[in-house]
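A.B. asks: Those protein sequences? They're chains A and X, same order as listed.
If you read the first sequence in the working numbering, its first letter stands for residue 1, the second for the next number, and so on.
If you read the second sequence in the working numbering, its first letter stands for residue 1, the second for the next number, and so on.
A portion of the hints provided could be inaccurate.
Said to hold, decoys possible - Simulated pairs of lysine to any residue, SDA-like, Cα-Cα distance not exceeding 20 angstroms:
id : chain 1 : residue 1 : chain 2 : residue 2
1  : X       : Lys318    : X       : Ser223
2  : A       : Lys254    : X       : Arg171
3  : A       : Lys93     : X       : Asn296
4  : A       : Lys254    : X       : Asp12
5  : X       : Lys43     : A       : Lys93
6  : A       : Lys106    : X       : Gly293
7  : X       : Lys43     : A       : Asp186
8  : A       : Lys93     : X       : Phe289
9  : A       : Lys106    : X       : Gly287
10 : A       : Lys93     : X       : Lys50
11 : X       : Lys50     : A       : His253
12 : A       : Lys254    : X       : Ser294
13 : X       : Lys43     : A       : Lys106
14 : X       : Lys43     : A       : Gly152
15 : A       : Lys254    : X       : Gly40
16 : A       : Lys93     : X       : Ala45
17 : X       : Lys43     : A       : Val249
18 : A       : Lys93     : X       : Gly293
19 : A       : Lys93     : X       : Val288
20 : A       : Lys93     : X       : Asp300
21 : A       : Lys254    : X       : Ser41
22 : A       : Lys93     : X       : Ala123
23 : A       : Lys106    : X       : Val288
24 : A       : Lys93     : X       : Pro291
25 : A       : Lys254    : X       : Ala45
26 : A       : Lys93     : X       : Phe297
27 : A       : Lys254    : X       : Ile149
28 : A       : Lys106    : X       : Phe289
29 : X       : Lys97     : A       : Gly152
30 : A       : Lys106    : X       : Ser294
31 : A       : Lys106    : X       : Ala123
32 : X       : Lys97     : A       : Asp86
33 : X       : Lys43     : A       : Ala182
34 : X       : Lys43     : A       : Ser153
35 : X       : Lys43     : A       : His253
36 : X       : Lys50     : A       : Ala182
37 : A       : Lys93     : X       : Glu301
38 : A       : Lys106    : X       : Pro291
Rather than coming from a laboratory, the hints here were simulated on the basis of the structure.
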Amino acid sequence: MNTHDLRVIANRVRRRDLQAVFEAGAGHIGGELSVTDLLTALYFKIMSVDPANPRAPERDRLVLSKGHTALALYVVLAEKGFIPKDEIATFLKPHSRLNGHPNRTKVPGVETNTGPLGHGLPVGVGMATAAKLNRANWRTFVITGDGEMQEGSNWEAIMSAAQLKLDNLTLIIDHNRLQQGARLADTNDLAPLAPKLAAFGWDVQEIDGHNMDQICAVLDAGQIVTGKPKCIVAHTNKGHGVSFMSDNVAWHHKVPNEEQYNQAMTELKEAAP
Amino acid sequence: MNAPVEPAKMHDCRDAFVATLEQLGAANADIVAVCNDSVGSSKLAGFRDKFPERLINVGIAEQNMVGVGAGLANGGKIPFVCAAAPFLTGRALEQIKADVAYSETNVKLVGISSGLAYGELGATHHSIEDFAWIRALPNVPVIAPADRIETAAVIEWAAGFEGGCFLRLSRVGVPDLFAENHRFELGRANVLRKGSDVTLIANGTLSYRAMTAADLLDAKGISARVLNMATVRPIDTEAIVSAAAETGAIVTCEEHTVFGGLGSAVAEVVVDECPVPVPMKRLGVPGVFAPTGSANFLLDEFGMSPQGIADSVTDLLKRKR
Ligand SMILES: Cc1ncc(C[n+]2csc(CCOP(=O)(O)OP(=O)(O)O)c2C)c(N)n1
Ligand SMILES: [Mg+2]
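If we strip away everything but chain X, and leave its shape as in the complex, we get (with noise of 0.2 angstroms):
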């Protein structure tokens, strides 16, 4: 990372998504949270501690965790289903479709330390297929916040929404891109900054190096805009539409897979909705198991330096007519 802010100013979006969680816990009594062993790693001690009726551990049981969650939701309540993001999408994912997609259920799920947040841990761990795997999924909303303020909002929005979604935290520290009256749309992109020769278009731990790509790209006389594109699905076609129109040229950048991410969604929309194709180019991991690392060493390697995003588009423009 060669554009390192200071300690104080990065955070954990975890307190952001507990403080607001028992916030909204304590207005409405109707809001549980379910987790899998995962008090500690989910930050939910604070919400067992006021509402001890209220925190449901089922133990080391994710398929269980996810199908209780659908019956609370059955029975009124607005459950928030926290677990790690590797186990709760890829170990409950039938559970994921069956009980909360086809059944229409308003099951939170919360995807804690999703992407490469468990770095050294190992692939395992790794949680960069969990767009791909939810956003084929028809009536859950897909979204990744970009920092503490965004990830609030979006926790806001989700005890207020009706129907189930899933909701992609990390761990990995970053500083704040929002204004701290900012409201989450879902569906909604938002303009980081200006620019008209290329699009960065980034979610989640992603933004942050996207916005320092930008400053790089801009010492050298290149204008970048900046898409903070949280939610996945479902994806704001007309933000990509006016990026491929206004500024020629794509890049996305996602702690995720490039096979089915946000790139792909991004992709899509510019094959099925521009007039006119725009060259693209998606970062993300290639396609591989990650070597050991932390998560912040991962995503330099595969890339996503902000000097590494910039080479990226500097490269791109090359292709552009």
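Okay, chain A solo, but in the shape it has when bound (with noise of 0.2 angstroms):
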């Protein structure tokens, strides 16, 4: 698939995710707007993933660490084929299997389940590590937030890649510069990243997470370093897309109000490439 036809997709996706948060009254749309090009280019160029045998054992292994964006992944898995398109109306109604965090149990397509800040890396971790004893070929992706960075089981896990030399698994930082309540800078700033992966023994690289041609060719196998894990600090903007949301902390799991909305949807229909 060619980079126009993602940023189509990514399009898409951000509308079906912005609708969703409307109508179910919750969401994390900041995030999910920053993570939602990534999550697609992986998806739909990068992955080898099949939706009618979610756990063919030489998948590529994909964990949404900052599993409060759950929606956005949910709305690429259904884009993909593993839950069918309208199931995504149900997100948080009683007994849908789409909660606010992601679940391996009841979503196909999911790995692990994800929602408490720094779980995924030390999965990942071993993920990568079992396809290596397995003589496997297949890839495992994290993808953190840059908040979820100060979870010390990050560096924990971040030592072990590197010791056990898993260039077979690549960490993408959603670098929006933004957590909760505040900006980075503001709380426990970690920037910049890249020279702190470095020097833990990790191949690092720098993107603009929103630049579609980057995304694929940061991400694509050739780029391997071997005996390296890899990590791509991906330079993104919470709320991406939409005027009023970019980049403004207000918006981690603000709700628009029905005039927010039809101006967001607008932003994004007059965006689509």
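Got two chains here, separate frames each, mind docking them using the hints?
C.D. replies: What follows is the structure, encoded as structure tokens:
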């Protein structure tokens, strides 16, 4: 799939996500809009996965460690055919499979349950190690939030991955500079992230996390450096694509009112490639 | 929930918590707050604006947060360590054990939005194991207030108490159950309603539901005592022994798994201390990860609507001799 088509899908995902947040009256719109391009590229260009056989042993693995943005993953999984598209309408409804954080026992395509931040990367290290033990070629991708990188468990896993030479593991940090209640810079600043990961023995690359060409290029298997886990610091904007949400900490989990919803939807439609 | 109260009379107990904390903070400069990127969800913006230096937001790092709290206590501060209850207790349990309970530090652990409060967000965000986890530790009283008045009283008590404690708060609206001048006493249950046929023992958001269930039972000629048991440890043995002797049957209600929480603590007393055992029923989350739904929806689902509680009482009374 070419990057134009990927942008078309990402735009559709953003709109469906926004609609679901509006209708459910809850969600994490800011972080969903910032991670959408990354998820779209992974599922429609980079990863080898089969919706008809979601547990195929040789599949590539994706762990959305910033599990509060599950809705973006649900919409991408629906686009890809893992779950019915109309099931998105049940998001957060009583007894729906689609609760606020992804659940592997309920939702095909989800690899591990996340929600408490700082769980995905250690699990990803285990997955990548299993692939090495199996002499298998599948890759493991983990997406964390940048605020999430404040959890110490991530740094324990970062050390393990380097020690274990997990070049089949890719950590993508959704670096939107905002956490729940404030900017990272005003809370517990981690920037610059790249030299920290490099100091821990990782191969690090920085990209514009909304530029589909850059995302696809950096995630290509040809970019793997033998013996080193890869970290991609994806510079993104929380709320990307909606002018009044973008880079605005108020939109971590705020729900748009009708007027805001209509404006946001109009902006997204106008931006459709 | 089959007994709605006017929304205006339902209170989010976090408001009473922070109002009291801000008052105490104005009178005592040693009071500090520690949080994990939870200024909003712990409602600490007012405290931060009044005492900017005394709000320590460590970021999304709960183990660090509890350790920092213990260090602050070592330095003579009175830290209120505030975080969503599942992450405070689940993520930092060993810090709570070693740095607070075992080291006997003066750390006030405030679990926000406990129980099923995060409803639709799913089981990772439900804190329905915290009574069991923390009550297994020595030296850390476990307390779940039932309304805004008891919440304020508990916070005031905690600030004056020399030692660590776990205060389990909700965000789910509850009406007033106590009179304004209520004072909290550690390990002392309160009779919210007198009764002679059965005792309902509850705390947190379930006390109000238990009171409503008692009304329903009253209409059927069943006289239910309601005991508000905010302190889960140290538990009020005397109140439980009297309830067993005087009413002959006990139903416990909690926003917690039935494994190891309030019901278990009450059952332990009934087994160990009552000369004659009495029939008991423990209502709570029945040892499963909850499906998707709001807190109130899930409580109803798990048989803790007022009608559900009343029905459990009626069933239990068939076993009463
Ligand atoms: C262990 C843990 N602590 C706290 C939270 C509450 N929480 C949910 S999202 C969030 C902020 C996450 O910020 P970031 O990782 O930067 O994600 P993004 O900006 O992409 O939304 C917090 C603190 C949580 N889910 N897990
Ligand atoms: Mg962020």
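A.B. asks: Honestly, which of those hints from before does the structure not fit?
C.D. replies: Hints 5, 10, 11, 13, 14, 16, 27, 32 and 34 are the ones this structure does not satisfy, whereas the remaining hints hold.
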